[in-house]
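**Q** So the chains spell out like this:
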Amino acid sequence: MVNKGLLETDILPNVSQPARYTGHELNARVGDHIGAEATMLLAFPDVYEVGMSYIGFKILYDIVNSNQAWAAERAFAPWPDMEAQMRAHGVPLYSLETYTSARDFDLMGFTLQYELTYSNVLCMLELAGIPARADERGEGDPIVIAGGPCASNPEPMAPFFDLVVVGDGEEAIADIMRATAQGKRDGASRADIVSRLAEIAGVYSPSLANRVERRVVADLDSAEYPRKFVVPFLEAVHDRVALEVMRGCSRGCRFCQAGMIYRPVRERGTANLCELAEALVRSSGYEELSLLSLSSADYTQVKELMSKLASKYGPEGIAVSLPSLRVDSFSIALARDAEKSRRTGLTFAPEAGTQRMRDIINKGVTEDDLMSAAADAFESGWDQIKLYFMIGLPFETFEDIDGIASLSRQVLELGRKVAKARGKARRAGVNVSVSSFVPKPHTPFQWFAQNSREQLEHKQLYLKERMRVRGLSVSFHDVRASHLEAAFARGDRRLAPVIQRAVQLGCRFDGWSEQFKPGLWHQAFADLDLDPSMWANAEYGLDDPLPWDHINMGVSREFLVREAQRAARGVTTPDCREASCSGCGACSGDVRVRLAGEFAASSRQGGGRA
Amino acid sequence: MSASMRFRVRLGKGDEMRFVSHLGYMRAFERAVRRARIPVAYSLGYHPHPKISFATALGVGMTSEAEYLDIELNLADSGELSTLEVFELLQAATPQGMPVIAACAAHGKPALASSIEWASYRANVQASIQPDLERAATELLASESAIAEINTKSGRRRADIRPMVRNISWRSGGVLECTLACGGRAHLRPQDLLAHLGLIGACVYRTGLYFTDRESGDLVSPMSVECTDLVMAMGFRPGELTRGS
Chain A
1 MVNKGLLETD ILPNVSQPAR YTGHELNARV GDHIGAEATM LLAFPDVYEV
51 GMSYIGFKIL YDIVNSNQAW AAERAFAPWP DMEAQMRAHG VPLYSLETYT
101 SARDFDLMGF TLQYELTYSN VLCMLELAGI PARADERGEG DPIVIAGGPC
151 ASNPEPMAPF FDLVVVGDGE EAIADIMRAT AQGKRDGASR ADIVSRLAEI
201 AGVYSPSLAN RVERRVVADL DSAEYPRKFV VPFLEAVHDR VALEVMRGCS
251 RGCRFCQAGM IYRPVRERGT ANLCELAEAL VRSSGYEELS LLSLSSADYT
301 QVKELMSKLA SKYGPEGIAV SLPSLRVDSF SIALARDAEK SRRTGLTFAP
351 EAGTQRMRDI INKGVTEDDL MSAAADAFES GWDQIKLYFM IGLPFETFED
401 IDGIASLSRQ VLELGRKVAK ARGKARRAGV NVSVSSFVPK PHTPFQWFAQ
451 NSREQLEHKQ LYLKERMRVR GLSVSFHDVR ASHLEAAFAR GDRRLAPVIQ
501 RAVQLGCRFD GWSEQFKPGL WHQAFADLDL DPSMWANAEY GLDDPLPWDH
551 INMGVSREFL VREAQRAARG VTTPDCREAS CSGCGACSGD VRVRLAGEFA
601 ASSRQGGGRA
Chain B
1001 MSASMRFRVR LGKGDEMRFV SHLGYMRAFE RAVRRARIPV AYSLGYHPHP
1051 KISFATALGV GMTSEAEYLD IELNLADSGE LSTLEVFELL QAATPQGMPV
1101 IAACAAHGKP ALASSIEWAS YRANVQASIQ PDLERAATEL LASESAIAEI
1151 NTKSGRRRAD IRPMVRNISW RSGGVLECTL ACGGRAHLRP QDLLAHLGLI
1201 GACVYRTGLY FTDRESGDLV SPMSVECTDL VMAMGFRPGE LTRGS
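So the protein sequences, as listed, match chains A and B.
Numbering follows my numbering, in which position 72 of the first sequence is assigned residue number 72; successive positions increment by one, without gaps.
Numbering follows my numbering, in which position 108 of the second sequence is assigned residue number 1108; successive positions increment by one, without gaps.
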C-alpha cells in the first residue's frame, strides 16, 4: 500500500482536482484484495474524467468484481501536476480502491481507446516501477495486457505488452482471470502463466507474433452488463447512466473503424434494457440516462424504448438522451421527445460537403436530408447546430471543401429564416467542427495515405477563408496531432522506440491540445532517424502486406478491397439491415445480426446474466 | 398539512470525501436523494433543479461534522413523510464519507445560507509548536486588531481578522478550537487564521455552524431555531470524523 497519510498531507493539497486520486466513490469495489485468487489493475491511459466515461472499462470492472474470488481495481493517468508530486515523493502508481501499488497486481490491463494516449501508457508503467518493455520484465512484475479498439493494430505498442486482447473483452477477461488464478494455484512461473494466457482465443502474443482472430460476443442480450456504475464525485465527461442498446453498425462509412471492427450489429432486447435501466438508475441516482451505441437512432425499437423510458423516468426529473443522432427527421423527432426541457445544441455529422464525396465515403446522407433535419431542429426550438466535417478524404478536390462552406452557410441561413419567422430574439448559430481524415486499419480506406501536413494546413486555411461569416464558427483539429495519430494507427514496431523516446523527453497527454508537444515528438522521431510521414503518408498497395495483417477483426480483406474499389468509382454500398448482405465476412457460426425483436418474448428475471 | 415541506439535514464530510469539491459534494447528495427516492421539489423553468440549498461551502481538503442543508419535498403524491423516515431513507443512500448526523423539520422563513454567521473548527497541533501557537493566539485575542494576509474569493489581500475571530481555545492533546466568522457578510478561512498564528498545512475539521441569537448575542445551532421533530444519529460522537494525525 502507498502511504495514504503522505498523500493527504503533502501531495493532494497541492494538485488540481485531487478527487481524481482518492477513490471511495459510490459502488466502487470495497474490501481487501489480498485474499483474491487473481487481481487485475484496470489502467486507463487518460485522466480520470475521461476514463470514467468509457463503458468498456465499466463492463470489465463489473465482470471481474462480480466474481468473489477476483478483484479489479482502477488507475488512471495522473495529470502532470500529480505526476510531478508522485515522483518528488516517491509514490508509485496505485489503485483507487485499496491504494495498492500497481506492481502488486497479478495483471495490469490497459485500455487503448485512442492512439494519442500511447505516451501515457509508458508514463504509467514507469510510475508503477514496471519495466516498459515486456522482454525486460520478470518474476514479480505484473503481466501487462492491452485491449480496446486500438488493439486492432497493436504493433507500434507491441513491445510494451506481454499480451494483447483483440475484440470484445467480456468473455476474454473472464478467461484471463481464471487462467491466472489457476496458474497461481499451480505455482506456475510468470513466464508460464503468460504462455498459458497466450493460448486463450483472441489473445495476441507480441513475442510470438501469432495470427489472432478477434473475440466476439455472439449474443449481446445475454452478455453481462453492469447493474451498478461507480458514480464519480468529479464530473466525468459522460456522467450518466449509459445503456448500451447495441454493438456494431452496418451503415458502412468507409473511413470508420468502429463501423467495421464491431460488426455485425447485435442489439439487446428492450425487456432486458428496461430492467438494466431500472437497476442502474436506482443504484446510481444519476439524473440522466442515455442510449449508447455507434448509432442509437438505428436501434430497431428505439422509439418504443425511448418513450417507455421517458414516461417512466421523466416525471422523476431524469432526462433520457440519445447521444448519436442520424441526419434525418426521425432522429429529430426522437431528440425532441427526449429533451423536453434541455435545449442545448444538436450535432449532425454530414462528414463531407458534396454528394460525390459522401458517396465515396458511403455516408448515406443527402443535402435534402441535412436541410430537412436542420429545418426540423430549428423549428423545434434548437438554435445552435453543430456540424461535423472531415477534410483530407481520399479523392478530395477543392470543390468538396467549397461544399463544406456552402452547406454550412445554407444551414445557417435556414436557421435565420426560421428564427425570424418565429420572431425569436436569439440568433441562430452554426458551429462547424472540421477534423482531418486519419486512415485507420481494418477499414476500406486503410490503404490510402493521409494528406501531408502541408496539404491539410493549406485546406484548413482555405476553408477558414470561405467561412468568415457572422453566425458561423469553425474549429479545426490540430494537424500535427492528426498526423501523429495516423502514424500510430498505421504504424509498425519501429515506432515503439520513438514512443519510448518521446516519453523520456516529456510527452504526455498528447490528445490534450494544451499538453501536446509537437516539438518533442519531432525530436523523438529525429533521434531515431524516422519520420511520422513514413506511416501517415504512405500509400499502401492493395496487395502490400500491412502491419496489422495478422489481426483478424472479422471483416474480410476481400470486402475491404471491394469497398475501396467502389469508393474509387463513387459507388455506395447499402446497409445490410435494409438491403441484401454486402458480404463483409463478420458473420460466421453463431455470430450474426441480432435485432431486438428476437428477444421480445423473453422477459427475463435475471437481467441477462448468463 | 401542506403539499410542500422543508427539512433541515446535518451531514458529515469524512476522510473518504475530504478532497471532493463543494460542487461534487452537493451533486453526491442530490444523487443520494434520488437513490433514496425522496420526493424532492424541483424549481420551475427550463432547467429544473432540486430544491436543496446548502448553508455554506467547505474548503477542499477539510473534513466536517457540520454540513447543513435545507431540502424541500413535494408531498402531494407521496403523502406525509416523518423526519425519521427522511432521516432513515437518506442514511441508507448516502455514500461513504457522507454520514447523516441529524434531520429536523424546518419552519423558519429566513434562508439557511444567509443566517449562518459563525463556524467552529478544530485542528491538531504538534506538541513542538504548541507553546508558540498558544502565545500567538493569546496575543491575538488580547489585541484590538490584527492585520493578516487572507484569501478571499477575489484573491489574496490584507485585512483585519480580529473582528472575525470570536474565540480560540485549547483542548487536551494539543487540539486547537476556534470560532470564526462564516458566511456572506464576513468570512475568515481557518487556514488563514492558523497561518497567521504560525501553523501551515494543518488538517482542519469543522465542528459547527451557527446563527446569532438577536436578543442574547449567543451562538445557536441551525437546528435549534424554528425547527421541530429533531432526529439524531444513534451513536454519533462529536469529533469522530476527524483525523487522528
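If you're looking for bench data, these hints aren't it; they were derived computationally from the structure.
Because the structure is a prediction, the values reported are computed rather than measured.
Please note that a few of the clues may not be correct.
[As the list claims (entries may be wrong)] Okay, the calculated bits of chain A under chain B, using three or more residues with CB under 8 Å as the criterion: (1) 125-133; (2) 260-266.
[Said to hold, decoys possible] Heads up, simulated BS3-like pairs for lysine-lysine below, C-alpha to C-alpha not over 30 Å straight-line: (3) 228(A) with 308(A); (4) 228(A) with 1109(B); (5) 312(A) with 1109(B); (6) 58(A) with 184(A); (7) 308(A) with 1109(B); (8) 303(A) with 228(A); (9) 184(A) with 303(A); (10) 1109(B) with 1051(B); (11) 184(A) with 308(A).
Idealized CB from N, CA, C, for every residue including glycine.
**Q** Each of the hints needs a verdict: does it hold here or not?
**A** Hint by hint, here is what the structure shows:
{"no.": "1", "hint": "125-133", "in the structure": "violated (count 0)"}
{"no.": "2", "hint": "260-266", "in the structure": "violated (count 0)"}
{"no.": "3", "hint": "228(A) with 308(A)", "in the structure": "21 Å, holds"}
{"no.": "4", "hint": "228(A) with 1109(B)", "in the structure": "40 Å, violated"}
{"no.": "5", "hint": "312(A) with 1109(B)", "in the structure": "35 Å, violated"}
{"no.": "6", "hint": "58(A) with 184(A)", "in the structure": "26 Å, holds"}
{"no.": "7", "hint": "308(A) with 1109(B)", "in the structure": "41 Å, violated"}
{"no.": "8", "hint": "303(A) with 228(A)", "in the structure": "25 Å, holds"}
{"no.": "9", "hint": "184(A) with 303(A)", "in the structure": "50 Å, violated"}
{"no.": "10", "hint": "1109(B) with 1051(B)", "in the structure": "15 Å, holds"}
{"no.": "11", "hint": "184(A) with 308(A)", "in the structure": "48 Å, violated"}
Violation of the numbered hints given earlier is confined to hints 1, 2, 4, 5, 7, 9, 11; the remaining hints are satisfied by the structure.
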